[in-house]
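Protein chains in written order, with the working numbering: chain A, 1 to 274; chain B, 1 to 205.
Do not take every clue at face value.
[To be verified] Straight-line Cα separation of at most 30 Å, DSSO-like style, residue types lysine-lysine; simulated pairs:
{"hint": "1", "chain 1": "A", "residue 1": "K3", "chain 2": "B", "residue 2": "K122"}
{"hint": "2", "chain 1": "B", "residue 1": "K192", "chain 2": "A", "residue 2": "K207"}
{"hint": "3", "chain 1": "A", "residue 1": "K206", "chain 2": "B", "residue 2": "K204"}
{"hint": "4", "chain 1": "A", "residue 1": "K206", "chain 2": "B", "residue 2": "K71"}
{"hint": "5", "chain 1": "B", "residue 1": "K10", "chain 2": "A", "residue 2": "K274"}
{"hint": "6", "chain 1": "B", "residue 1": "K165", "chain 2": "B", "residue 2": "K45"}
[Stated by the list, open to error] Between beta-carbon pairs, the in silico distance windows are:
{"hint": "7", "chain 1": "A", "residue 1": "L267", "chain 2": "B", "residue 2": "S164", "range": "21 to 29 Å"}
{"hint": "8", "chain 1": "A", "residue 1": "K198", "chain 2": "B", "residue 2": "P64", "range": "22 to 30 Å"}
{"hint": "9", "chain 1": "B", "residue 1": "E62", "chain 2": "A", "residue 2": "K198", "range": "24 to 32 Å"}
It is worth saying that the hints were derived from the structure and are not from the lab. Nothing here was measured: the structure is a model prediction, and the numbers come from that model. Every residue, glycine too, gets a C-beta built ideally from N, C-alpha and C.
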Amino acid sequence: MKKGIFFQIITITIFLIFWNSLHFGKHLHIRIFEQKKIQIYQKLSPIPIIIFSYKLDSLYSIKTKLNSFLWVDSLQIEEQTKISERLIAEYQLSQSSEVLSRYTLPNVMKIYLKGEFFHKSEKDAIWRIIKENDEAADINYDNEFWEKIQVEADNVQPSINFLNFAYLIANGVIIVFLIFFVIFMRIHFEIKRDQFWKIFQISGGKKNSRAKMFFLNSFILSIIPTGLNFGAYFAAIYFDYLQIQIDIKLFIIELGTLMFAYLLTSLFLIRRFK
Amino acid sequence: MLSINNFRLKLGDAELLEVSNLKINNSEKHLILGNNNTGKSLFLKSIHGLNSKFEGEILIKEKPPIFYKRKKKTILIETGPHLLWEEDVWKNIILPLPKVTSRQKQKIKELCKTAELFDDLKTKPEKLSYSSQKFIELIRAVIQLPYLILLDDLDCYFDEINLSKALELCNFALNAGTSILATSKTGLENFKNIYRIQSKVLKKL
Numbered sequence: 001m002k003k004g005i006f007f008q009i010i011t012i013t014i015f016l017i018f019w020n021s022l023h024f025g026k027h028l029h030i031r032i033f034e035q036k037k038i039q040i041y042q043k044l045s046p047i048p049i050i051i052f053s054y055k056l057d058s059l060y061s062i063k064t065k066l067n068s069f070l071w072v073d074s075l076q077i078e079e080q081t082k083i084s085e086r087l088i089a090e091y092q093l094s095q096s097s098e099v100l101s102r103y104t105l106p107n108v109m110k111i112y113l114k115g116e117f118f119h120k121s122e123k124d125a126i127w128r129i130i131k132e133n134d135e136a137a138d139i140n141y142d143n144e145f146w147e148k149i150q151v152e153a154d155n156v157q158p159s160i161n162f163l164n165f166a167y168l169i170a171n172g173v174i175i176v177f178l179i180f181f182v183i184f185m186r187i188h189f190e191i192k193r194d195q196f197w198k199i200f201q202i203s204g205g206k207k208n209s210r211a212k213m214f215f216l217n218s219f220i221l222s223i224i225p226t227g228l229n230f231g232a233y234f235a236a237i238y239f240d241y242l243q244i245q246i247d248i249k250l251f252i253i254e255l256g257t258l259m260f261a262y263l264l265t266s267l268f269l270i271r272r273f274k
Numbered sequence: 001m002l003s004i005n006n007f008r009l010k011l012g013d014a015e016l017l018e019v020s021n022l023k024i025n026n027s028e029k030h031l032i033l034g035n036n037n038t039g040k041s042l043f044l045k046s047i048h049g050l051n052s053k054f055e056g057e058i059l060i061k062e063k064p065p066i067f068y069k070r071k072k073k074t075i076l077i078e079t080g081p082h083l084l085w086e087e088d089v090w091k092n093i094i095l096p097l098p099k100v101t102s103r104q105k106q107k108i109k110e111l112c113k114t115a116e117l118f119d120d121l122k123t124k125p126e127k128l129s130y131s132s133q134k135f136i137e138l139i140r141a142v143i144q145l146p147y148l149i150l151l152d153d154l155d156c157y158f159d160e161i162n163l164s165k166a167l168e169l170c171n172f173a174l175n176a177g178t179s180i181l182a183t184s185k186t187g188l189e190n191f192k193n194i195y196r197i198q199s200k201v202l203k204k205l
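Next comes chain A alone, as it looks inside the complex:
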């Protein structure tokens, strides 16, 4: 392999490693922000929604419906008889049991949620289900705390948005820079080969050989650096050295950028191919 081609392969491979590290950096930071959001939401998990209802059937119906939701962690129903028994046992009210029996206590249902999934739409859904089954049910939930958590979590979102925006801009800059870099490098090495091709043609070599060789080298200079990067990424994922997975399409974009740059280069060199 010619030294020039080898040098270009190494340079472009290093460039693509830098570009890919940007993808990984972005994913890593997004993950950190997402974790932060989850941690904030998870503060909701220990706080249950408590429903007081005199209709035990309704509570069981609500339980059946809510069981299918991903964001519901666990459900507990405590029937009124058990509540009175527990109250008597806990507060040693055996002498007042007659008094208690005169009062009708409501049944209680506690709904524990997976905080990270319990957003506005889920909250609305749970309220709707409860009211559909028992209009008179009394819902006890710390709405203020829930709203505070939502605001706190939403405050993380601008950082994620900014990161996504900065990532897009950085990609644009890298693409433009790579195109310019590749064009100038390619032209430099092609000009260095002018004498070779002049002698080649004088000696009887085919006129279109230079164009053929240019496109063959362009193919090699696109495939090898992208392939090396993709191979290294694939191996790192396969052998568990890397936990972050990036979109495979990014490698196709890298390949496309290189091919586009070579196509542009060929336009600059077209006179030399004739």
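Use these hints to put chain B onto chain A, whose structure you have.
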């Protein structure tokens, strides 16, 4: 193979050379004699397709030189050496060949032995004499077996001994149907078809 009719070469307004009729068949070698500035080199360039400022008709295998613009069927060896100085002799010889077959390898080696270049195959051409450099170009031309090999100022690069070796190299191509058209300032042996440029007109001797 080569047919030239009513050829007129002009340099500005002045007429330089007139060739009313010249025909070269396959496997023939022709020599044109002429002094400096008689238009020999420009004539060869016109046949090779590098000069189109002429009147008349040049046909190679019944097609004009422009037809061979992309796929040259003629090889012009000019006075100045056209070699890759950083490459060795072997690389310079095989330069235009897309693939070197074992038969070609064998033949190149034989031709190199004739030209006494066999021991210098790994040598860079800058270390060789001018005539050896020209041998490299000649071997590179004959191994391709083109329709026509054009040799400009043949007497400039070969003395009598080397000239006979050069013609021996040419025989390989001549036997395969290639024709040779050379120019020279002085008369050379081994050419049966000799022309002279006299009063700006090409005349057969």
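Checked hints:
1. At roughly 20 Å between alpha-carbon atoms, K3 of chain A and K122 of chain B fall within 30 Å of each other, so this suggested pair holds.
2. Between K192 of chain B and K207 of chain A the CA atoms are separated by roughly 34 Å; this puts the pair beyond 30 Å, and the hint is violated.
3. Of the pairs offered as hints, the one joining K206 of chain A and K204 of chain B is violated, with about 34 Å between alpha carbons and a cut-off of 30 Å exceeded.
4. For the suggested pair K206 of chain A and K71 of chain B, the alpha carbons sit about 6 Å apart, so the restraint of at most 30 Å is met.
5. Restraint check: the Cα-Cα separation between K10 of chain B and K274 of chain A comes to about 27 Å, which is no more than 30 Å; the hinted pair holds.
6. For the hint linking K165 of chain B to K45 of chain B, the alpha-carbon distance of about 25 Å falls within 30 Å, and the restraint holds.
7. As the Cβ distance of L267 of chain A to S164 of chain B is approximately 51 Å, the hint placing it in 21 to 29 Å is violated.
8. Range check, K198 of chain A to P64 of chain B: about 24 Å between beta-carbon atoms, so the 22 to 30 Å window is met.
9. Separation of E62 of chain B from K198 of chain A is about 30 Å and conforms to the stated range, judged on CB atoms against 24 to 32 Å.
Hints 2, 3 and 7, counting from the list given before, are not met by this structure.
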